[in-house]
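Engineer: Now for the letters of each chain:
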Amino acid sequence: MSEIPTLGEFEQVVLLAILRLGDDAYAVAVQNEILRCTGRDVSRGSIYITLDRLETKGYLRSRLADPTPERGGRAKRYYTLRPAAVEALKESRRALVALWRGLEAKLA
Amino acid sequence: MSERLPRGVETLLRFGLPSDQREPIAGDLLEEYVARVRRDGELRARAAVWAEAARIAWRFRLEKTVRGRPLPPISDEVRRAGMWDRVRQDVTFGVRMLRRQPGFTVVAVLALAMGIGANTAIFSVVDAVLWRALPFPGADEIVALGEARPREGRVKGPVAPADFYDWRRDSTSFTAMAAYDEVAINLTGAGEPERLRVLSVTPGFLSAIGIGPALGRDFTADEETQGRHRVVLLTESLWRRRFGADGAIVGRTVALDNHGYEVVGVLPERFWWPTRPDMLVPLALDEHDRTLRAAHFLDVVGRRRSGVSFEQARGEMAVIGARLSADFPAENANHTTSVLPLRDALVGDTRTALLVLLGAVGLVLLTACANVATLLLARATTRQKELAIRMAVGGARGRIVQQMLTESVVLATAGGAVGLLLAVWSIEALRRILPAQFSALPGIDQLGLDARVLIAAFIVSLITGLAFGVAPALVATDQRVGSTLNEGARGTSGGAGGRRLRSTLVVAELALSLVLLVGAGLLTASFWKLTDVSPGFRPDQLVTTRLALPSARYPDHARAAAFYQTLLDRLRILPGIERASATSAPPFSGFDGRLNLEVEDREIESPIPVRAHPRVVSPDYFQTMSIPLVRGRVFNDRDTADAPQVAIINQSAVKRFWPGRNPLGERISVGTPTRWMEVVGVVGDVKHDGLDAETTPEVYIPFKQEFTALGNGLIRGLSLVVRSGSDVASIAPLIRSAVASVDDQQPVGLIRPMDDLIAQSVAPRRLNLLLLSVFALVAVTLTAAGLYGVMAYLVAQRTREIGVRMALGATPSSVLRLVLRQAGGMTLAGMLIGLASAYVFGRYLTSLLFQVSAADPAVYAVVSLILGTVALLAIVIPCSRATRVDPLTALREP
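So the protein sequences, as listed, match chains A and B.
Each residue of the first sequence is one higher than the last, beginning at 1 in our numbering.
Each residue of the second sequence is one higher than the last, beginning at 1001 in our numbering.
So that you can see chain A by itself, here it is in the shape it has in the complex:
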């Protein structure tokens, strides 16, 4: 059995959104990306918490960008995936794909 801890559904969503955003992944962008792709308007608080949690678990790395005037001189926190997150996402996908296989007919 795989030793990679499984990801929660929302954690997968957030990680995928970050992956899609590339260099521009900060909380507001992540929220917008999720809205754009899934239609789900998740609260900002959940985003922050999940980002925080994923960073603690070692899936994310964050850096503070230089402060910009339009943010009142405040830095922006950008996130990128650590290799562990990529592995975990792959594993989740493998599990889901395996589960979906042969069910297309029933759920069509």
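These are calculated hints, taken from the structure and not from any lab test.
Mixed in with the good hints, there may be bad ones.
[What the hints assert, rightly or not] Cβ pair distances, simulated, as ranges:
1) Asp41(A) with Glu1386(B): 47 to 57 Å
2) Asp24(A) with Arg1800(B): 55 to 65 Å
3) Ser43(A) with Val1470(B): 40 to 50 Å
Note that CB positions come from ideal geometry on N, CA and C, so glycine has one too.
Following the hints, put chain B in place on chain A, whose structure we already have.
Structural biologist: Frame of chain A; chain B shown alone:
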């Protein structure tokens, strides 16, 4: 339109979010807020951002509860590493700053070193004597017992044999109770005869103090009976010195006072007793002495049974004491028992002196702290720009304060290190000047820097660093960033706050110094008064030594008296010796005793027992000592054993027992059994126990006349007092050879000048005085430096103002007045506070004073004058600099 979040939202985020999330989230919210304001108007945007911020804060709060760990997601290790990095960085930075200003650093380190060094040295003594465990197992259970006479103000006195035997029989609170007495015994036989210090103890003494013999056995219960008592326990040092650490010594016989004593054991090396005995023998009193209740000469120790509290033991002894008072009213009325922890009994009055000294060094350290704090404040001025810039670019005040505190602690640690060197040196010096009385204190042998003292010094250094660092750091960082940057080159050291703090510190220094000066002044005045006291005899060119004749060769009074008569006759004809006499108790020797006094056909009215101190003397004792004859006659060679018994009393006895009467011709008796002696003379009082002691009633008895059953013992141990034209070094061999010519088996102890004995009696006071004076001197020096520094700084700061004043026509004298007013205000405030504090603290000194009140106005006046003068000297240079300010130069300065 401001690019800022609503104020309340900022606050909400500050309290609701972990610190590392605050900035990016606030940024995100602001970005959105700004966009919303443009789209929906300010009101709706405001409402939205409020709601969003509250939701986010709520989520984090929830998260904290769920995860059950503090908010910041940075792992603990990372945080800790960060902290250590910061500390290391601060220390490195601090060291660099201190090295850049060597003048400042040297002065500050020296000031701190003096404070910390003095504290460490005194702490080591206080710790050794008062706080470290006594060298006995279960020392807390050991108590010293004594007989108290509350009506005479006596807390703990020696115990009469009969009382001791009753206590031992009737008490149940103790696992062991033992009486002991100090005696001198002559070790004869192998090699030179030697006089040894011997502790004569009842069996059970070693159990009471919890020490067992290293070789052989302890005394058995039946060895306190006469006839079985010729056994001895050697101390380790005597066994090594005199018997070559002979492993087979147990069972051998040694000659003590010409009797054979069997060695039953050797004590371990750790055996310690204040009087440093060479050996222990059983205290074996004969049948008569065991029944004595009026002769008090025993000391008693006991060990509390486990489970019996100190109070219970004391309570039981009080009951026993009360019963003995009721049963034997003649001897024991007004007697109670006293039970003290052993340490209290050993340390006695020294405790107060030590605590006063500890308090005094504490004040010195405070002065040093205040001094360094003023220095730091002055230095903060020069760093004003650096601090302003750091704060302008966003350095948190807390972080900068932390960094400045680190610098203070680095400084204090350096001070502590140098202080330790000073302490090592001071302890060495202290050890050398410690009066002989101190050698009886516990722990004094091991005086030195041990782990406890080092830890104490380290803690003191740390606290010191924080104490003098915190105020300057806060004041220096309390500034409006812009104002300092705009102010040009002219720093103001935290502005008004800094100035106020500096003045406060100098005022505090002045007050502290004054307290110390008053203390030193009071002790000085006491010492002068004390050394002014006449001892009642002429001590110069007088030497004394103690002889102890063994009862084996001098079994009766006549033979002992004959020995002394022959010896004195031989001494008197020697060249250089003017007079030679003998006495049972020379002044300042520690030898004393007191017995009941009776006057024939008269009952003396007295609330306290009528007692007098007997002194057995040779006929020309009074001439030898130069004790004045007040009335009647002195003894002469016709006062022999066959002649009518006579006595001479001192003036105190007349005052107490013959007020307004003529004692000459009356008959008195001292001790038991009653044997009447006619009073033939009255002599002047002699200070027997010290210059500060009250004189007591004394009865002199000619040494050839036996006056009491105890007299037999009294005459065997007499002291020689010899007056000569030459010094001790040349007189001592004469005395020794004279004794040897009469009895070559008789050892002679230390021969000491009487002046030395008197000096020794005041030595503890001299030491207190010396130490307190040194502390006061250090404090005054620091204060003068502090005052000078502050005034110099103030003048420098007001140079431009003074220049303007002078340009507008102010005279040098009006400028001088201006500066003096400032200095005078501080000095006056400091001295007033100091005088008030000294008055409050003075009472702790009372027990150390002699004929001087703790509130002695003369001392306060002189001391104020001294400090005032020093303060004046300290401000002379700054003042004269102020009057010489050149208006043009001052105004041209940037």
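Engineer: Each of the hints needs a verdict: does it hold here or not?
Structural biologist: Hints and how they fare:
Remark: the range hint 47 to 57 Å for Asp41(A) to Glu1386(B) is upheld by a beta-carbon distance near 51 Å. For the pair Asp24(A) and Arg1800(B), the beta carbons lie near 58 Å from each other, so the given range of 55 to 65 Å is met. A beta carbon spacing of about 45 Å between Ser43(A) and Val1470(B) agrees with the range 40 to 50 Å that was offered as a hint.
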